[in-house]
Amino acid sequence: MNDALVTPPLSMTRYAGLSLRAWKMVGLVALVLGAIALPFTVSNYRVFQFNMVLVYAIVLLGLNILTGYNGQISLGHGAFYAIGAYVAAILMDRVGWPYWATIPVAGLACFVSGFLFGLPALRLRGHYLALATFALAVAMPQLLKYKHIEQWTGGVQGIVIIKPDPPFGWKITPDQWLYLFTLAILIVMFILGWNLLRGRIGRALIAIRDHPIAAEAMGVNSALYKSLTFGVSALFTGVAGALGAIVVQFVAPDSFTAGLSINFLVGIVVGGIASISGAVYGALFIQFVPNFADQISKAAPWAIYGVFLLLFVYLMPTGVAGFVRWVYQRLRLARGGTDKPAVAKPS
Amino acid sequence: MEAFLHQVLSGLATGGVYASLALALVMIYQSTNHINFAQGEMAMFSTYLAWNMINAGLPYWGAFALTIAISFVAGVVIERVIIRPVENAPVLSVVTVFVALLVIFNSIAGWIYTYTIKTFPSPFPEQPLFGNRYISSHELGAIGVTLTVLVVLYVFFRFTPLGLAMRAAAQNATSSRLVGIRVGWMLALGWGLAAAVGAVAGMLVAPIIYLEPNMMSGVLLYAFAAALVGGIDNPFGAVFGGFIVGILENLIGAYVIGTELKLTVALVLIICVLLVKPTGLFGKVFATRV
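Top to bottom, those sequences are chains A and B.
The first sequence begins at 14 in this note's numbering and counts up by one.
The second sequence begins at 6 in this note's numbering and counts up by one.
Just so you know, the hints here were simulated from the structure itself, not pulled from any lab data.
A few of these clues could be false.
Heads up, simulated DMTMM-like pairs for lysine to aspartate or glutamate below, C-alpha to C-alpha not over 20 Å straight-line [claimed, not checked]:
#: 1; chain 1: A; residue 1: K311; chain 2: B; residue 2: E217
#: 2; chain 1: A; residue 1: K158; chain 2: B; residue 2: E265
#: 3; chain 1: A; residue 1: K160; chain 2: A; residue 2: D267
#: 4; chain 1: B; residue 1: K267; chain 2: A; residue 2: D267
#: 5; chain 1: B; residue 1: K267; chain 2: A; residue 2: E163
#: 6; chain 1: B; residue 1: K123; chain 2: B; residue 2: E217
#: 7; chain 1: A; residue 1: K160; chain 2: B; residue 2: E265
My request is simple: use the sequences and hints to build the entire structure.
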């Protein structure tokens with residue numbers, strides 16, 4: 014008892030004159046500055062790749078809000094990504110909107126479709142929801158090829174989009190500009206997601222995941238929260254889909270197969286379920302690992318995905334983010350802290 | 006009318022395939038409450054093995070039997086090695102493991118056999134049997150094989166001690182353990198049987214849709230729909246659902262929306278059943294005490 018009184022709480026300990034919180038802020042700012050500097054130090058192709066990492070990170074955050082925090086398993090987020098991508102492509106190519114204006118519309122369209130899909134999904138739990146969303150993912154390419162909407166979607170051919178130029182006459186390449194644009198949106202989305210999850214709503218989501226009946230008893234409107242979460246998650250995914258379409262400059266039905274949705278699942282499992290930073294680790298993984306594996310064989314990326322999925326489920330169920338947290342807590346304890354390690358357990 | 010009859014009969018044939026795969030899904034669902042997303046890919050892999058054996062010169066039915074035996078063993082091994090550690094894990098972990106199996110089987114098949122489409126022989130004669138004009142021999146054979154599988158499974162589960170033990174283990178694991186049934190092994194056997202039945206489905210459907218690593222994704226979706234229509238905890242329901250879905254798929258494809266949206270039919274069917282009657286036509290309603 015006395016020891017606890019003598020040593021100050023760890024959050025108050027100061028390192029080199031700064032509190033732990035301040036250090037975290039410093040680290041975060043350094044990370045953002047590094048991310049801003051990145052496109053000016055690597056080749057254009059790498060810029061494109063890192064741009065896709067940012068896009069995937071937004072998807073994974075959205076999927077994690079739904080699956081990690083709220084416990085609704087979706088194997089069909091590729092479908093919402095496709096909707097976002099197509100909304101952006103159609104608005105830019107057929108209607109002539111500027112690229113930046115398509116993003117909120119794509120987000121909104123996905124919010125609505127996610128909410129609508131979430132309504133029936135309310136009655137489905139666990140495996141059944143995974144099944145229904147998986148069916149959505151498998152059926153999506155066919156739906157996009159449907160001939161009566163071909164005049165908008167371009168059928169099998171898809172739509173080619175023109176890459177936007179940097180504004181204000183800035184002397185950077187279009188790739189660099191798109192990267193910075195995506196980064197700005199990513200930061201906004203992450204702040205939104207973080208704000209959503211850290212307070213009352215986040216607690217309600219986790220409560221619904223861990224014990225739906227207890228959550229109801231505490232006055233959480235489970236039905237409303239669950240369908241809204243579906244909508245919000247789809248919104249994140251749709252925004253990312255629109256960005257992805259602009260970055261790739263092309264949408265076609267066969268880029269949005271069930272494999273894409275499985276990709277996203279791999280991303281959150283590897284990155285860390287129910288963690289915000291996990292989205293970034295997961296995005297790095299699903300962008301770069303297939304690239305390396307592709308050199309072995311066309312089938313290799315998926316084999317490696319499968320093996321990694323198994324390894325993570327068995328050995329590191331909290332993903333990379335959980336591992337980082339664990340290392341961090343070890344270090345803190347090694348420095349004589351008294352705080353108990355609080356490992357967030359995903360359901 | 007003739008075209009209609011033809012659609013219905015060939016629907017029955019593909020329905021038989023859906024029924025077999027649905028049966029495999031139901032077998033695993035009944036004992037573990039898990040939906041095996043990898044069932045289709047396991048069946049696909051078995052079919053490739055059969056293709057290998059037939060190419061190596063084995064007679065069709067020899068390869069057929071051997072494939073079933075290998076699939077059975079593989080199913081048991083997968084349950085023991087991969088599924089058992091996550092038996093009591095959260096749903097997300099289980100689903101992730103199934104998805105992992107799905108992509109591993111798919112990619113290994115692609116790796117070994119490449120993604121080019123291969124033809125798979127049918128054991129039934131080219132000419133339609135009995136001089137009929139509505140149904141090909143292979144389709145008729147597929148229906149026959151499905152029904153045979155069904156009868157064999159029925160006899161096994163209904164009249165053998167092992168079948169009884171497996172049913173007991175699925176229904177009440179704790180009590181079964183108390184009377185000396187090795188529940189873990191019963192689950193593994195269930196997986197083996199499911200893999201074997203899936204292999205049959207794969208070999209029956211391959212002559213129709215050709216052999217390639219992604220051949221089962223559509224079939225699996227229909228099997229899901231079939232299992233749900235019939236009631237995911239009822240084997241007979243699953244078979245019945247399989248035939249219904251097969252016929253529906255053909256009729257809707259031919260007369261309502263065209264063939265390009267066939268998979269969407271499965272999606273709509275799955276969602277409708279889950280919404281309107283989640284227990285399916287013959288499923289039991291479970292009340293959970295909280």
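Hint check:
no. : hint            : verdict
1   : A/K311 x B/E217 : holds (15 Å)
2   : A/K158 x B/E265 : holds (8 Å)
3   : A/K160 x A/D267 : holds (15 Å)
4   : B/K267 x A/D267 : holds (16 Å)
5   : B/K267 x A/E163 : holds (17 Å)
6   : B/K123 x B/E217 : holds (6 Å)
7   : A/K160 x B/E265 : holds (9 Å)
In this structure, every one of the numbered hints holds.
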